Amino acid sequence: MDFELEPTLETLITQDTLKWIFVGGKGGVGKTTTSSSIAVQLALNHPNDQFLLISTDPAHNLSDAFCQKFGKDARKVEGLPNLSCMEIDPEAAMSDLQQQAQQYNNDPNDPLKSMMNDMTGSIPGIDEALSFMEVLKHIKNQKVNEDDSKDKISYRTIIFDTAPTGHTLRFLQLPSTLQKLLGKFQQLSGKLGPMMSMLGGGANQQDMFAKLNEVQKNVTEVNEQFTNPDLTTFVCVCISEFLSLYETERMIQELMSYQMDVNSIVVNQLLFADDDESPCSRCVSRWKMQKKYLDQMAELYEDYHLVKMPLLGTEIRGVENLTKFSKFLLKPYDPKVDRGIITEMKEQ
Amino acid sequence: MSEPEVKKELTEAEKRQLLRERRKAKMAKGQASDRLNNILSQGSSVKTNVKSVLDEEESVAKATSPSLSNEEDDPEIQDITSIAMQPPISPTPPIGEGTPEDIDAIFNKIFQQQQQQSGDFKEGDGNDPMANLMKMFSEGVPEPGLSRATTEKPFDQDPAIAKYQMELYEYQQYQHKLWKFRFLIIRFICTSVNFFYHFLTIPDNAFRASSHSYVRGLVSSTPVNTFIMWFLTIEAAILASYYFISSKNGLFQTRNENSLILKGLSLGAMVLPQLNAIKPIVARVFQYHDLVGIVLGDLALVVVYFGLLSFTR
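Residue numbers (the working numbering), protein chains in the order written: chain A, 1 to 348; chain B, 1001 to 1313.
Since the hints were derived computationally from the structure, they do not count as laboratory data.
Remember, it's a predicted structure, so these values are computed and weren't measured experimentally.
Please note that a few of the clues may not be correct.
Below, computed lysine-lysine pairings styled on BS3-like, alpha-carbon distance capped at 30 Å [said to hold, decoys possible]:
id, chain 1, residue 1, chain 2, residue 2
1, A, 346, A, 69
2, A, 327, B, 1015
3, B, 1180, A, 292
4, B, 1047, A, 292
5, A, 346, A, 331
A few chain B positions that, by computed beta-carbon distances, are all more than 10 Å from chain A [as the list claims (entries may be wrong)]:
id, residue
6, 1040
7, 1053
8, 1212
9, 1249
10, 1264
11, 1286
12, 1289
Beta carbons are placed, not taken as given, at the ideal position from N, Cα and C, and that holds for glycine.
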């Protein structure tokens, strides 16, 4: 059976079951612009629902994308009352974790505390782990009681502006890693329990492990949602170049191994130089290169929504510009008709 | 919701499901690696023959559990009703299960990083307790009774290796006792033969102990110092043999690993690193203790024989 797959994200915007949308790709391809555009379109198309855009990239850009300061707490976007943004701060999460640990052990001279601080700071992927913990915390705080149902989240959909590929994949491995980590900690407590009791911790160890088990349950619950294609999808963002294409294919395959749904690819920074009135030789040459990879993508990704976005004459910053740019996610960019936007967009 | 809308929703869901099946089918059976290699070749990359993570997972899965399904290029497209009614085949695996982080590698990295950091900031000063602790963890804290040489890292042990190490330790203990017994027999025989030979061959009852000084002052026609000479020669030979065999078979090490004193020193070295300097001295003392014990035991036997002889007068 043949389907004609529209080269838009209309399905994503109109699908009413999605709870989690991840937007990721190699560095510098336009992830933040794309995730912001998706969030804006969702907010515009569903004015009665609330949406949350979270940046898990330690090098946050959301504030600059919307020209508005965001922090670790969700804040509404000016001009879009049903869209909020949040920038996870791993350092703040780490200090929160330390404060929580203090309730189990208040001794400032405890060498075990210092050891744990040093250890946790060294774990590979600790930034991603802390971001994930922050997400879990905020999501847990967002749960509202509606008709005695405690499982309702107040945001209809949460969009993640992720870090470059490697970090994101590590972020997604966390449930598996956390399970193993908890297992090892339990082994350690058995082997070194008496020594740890001697150095510090004492009877609060059991409380600590109970807390960790609770975290693990939450992580498992979120993990089940992430692998449900009706609830979660991953939008790959790339540009029409060799490295980006290879990286995109690798990322798609890796996400497939994690059983995460990927059905949309956004190709940014396209020149569409064929119909230029006075084309520059550089643009023509570059567009020729882009077309080569676009043709390859059309063949590789015939079962995906392949969305082609233009390279504009200015940065896409601010709600107004994002709104203008994001409409091409739903209606394919036609260089003959929409060319004006390249120069019309004003700098914010 | 009206019927056409329900139908449309089902159609959309069915469409999404079918597309997912198609995407999955295109990545199955080695095609994922082919796609990557195709991209690389068309992009004139220097990389060749890369393997996809999906194909690595498949080969692992095939090695562990043989597939019974037919080898077809594309899976059959399932009917939507069967998809909807199908229970999950297996519980949802955690994300990243295919390529999980090696947690032991994570721990080793942490401990090595801590060691390096402590070493970098306090070069030449081996008194940093953190560095010593991390070094201890990374080298492995041996279980009581287990040889350090056979214990690599605590996080690497699995039950089979642990059981093997316990049995190895018990074997080494047995070997230690066996050799000690053998040497005991040899010492007993040599000392006894040496004693009774001189007792029987030296005339005039000169080979006797006496509490009377004038008896001890009598000069014998046959010198008795040959007994002392032989005794010392035999002892030297026995001690050398015992030391050589024990060192070669690691019997001293086995005994040291089980020593409470050395274990206490290891623990104390965590907070007082100077104790590490005296550990080898203590280990050496334990070795010499065995040898000294041999000499004293043989001397004691000679004293017992002289004591028994005194009853014959």
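Okay, the hints, checked on the actual structure:
Between the alpha carbons of residue 346 of chain A and residue 69 of chain A the distance comes to roughly 20 Å, so the proposed pair stays at or under 30 Å and holds. Among the hinted pairs, residue 327 of chain A with residue 1015 of chain B is consistent with the structure: their alpha-carbon atoms are about 24 Å apart, no more than 30 Å. Simply put, residue 1180 of chain B and residue 292 of chain A have alpha-carbon atoms about 82 Å apart, too far for the 30 Å limit, and the pair is violated. About 20 Å separates the Cα atoms of residue 1047 of chain B and residue 292 of chain A, which keeps this hinted pair within 30 Å; it holds.
For the hint linking residue 346 of chain A to residue 331 of chain A, the alpha-carbon distance of about 21 Å falls within 30 Å, and the restraint holds. At the 10 Å boundary, the C-beta of residue 1040 of chain B falls inside the reach of chain A, the nearest C-beta of that chain being 7 Å off. With a least beta-carbon separation of about 5 Å from chain A, residue 1053 of chain B fails to lie farther than 10 Å from that chain, contradicting its non-interface assignment. Distance to chain A confirms residue 1212 of chain B as a non-interface residue, since its nearest Cβ pair spans about 63 Å, more than 10 Å.
Here residue 1249 of chain B stays apart from chain A, with its beta-carbon at least about 30 Å from theirs, past the 10 Å limit. Residue placement check: residue 1264 of chain B keeps its beta carbon more than 10 Å from all beta carbons of chain A (closest about 14 Å). Consistency note on residue 1286 of chain B: stated as away from chain A, and its beta-carbon is indeed over 10 Å from all of that chain's, at 25 Å minimum. A cut-off of 10 Å between C-beta atoms confirms that residue 1289 of chain B is not in contact with chain A; the least separation is 30 Å.
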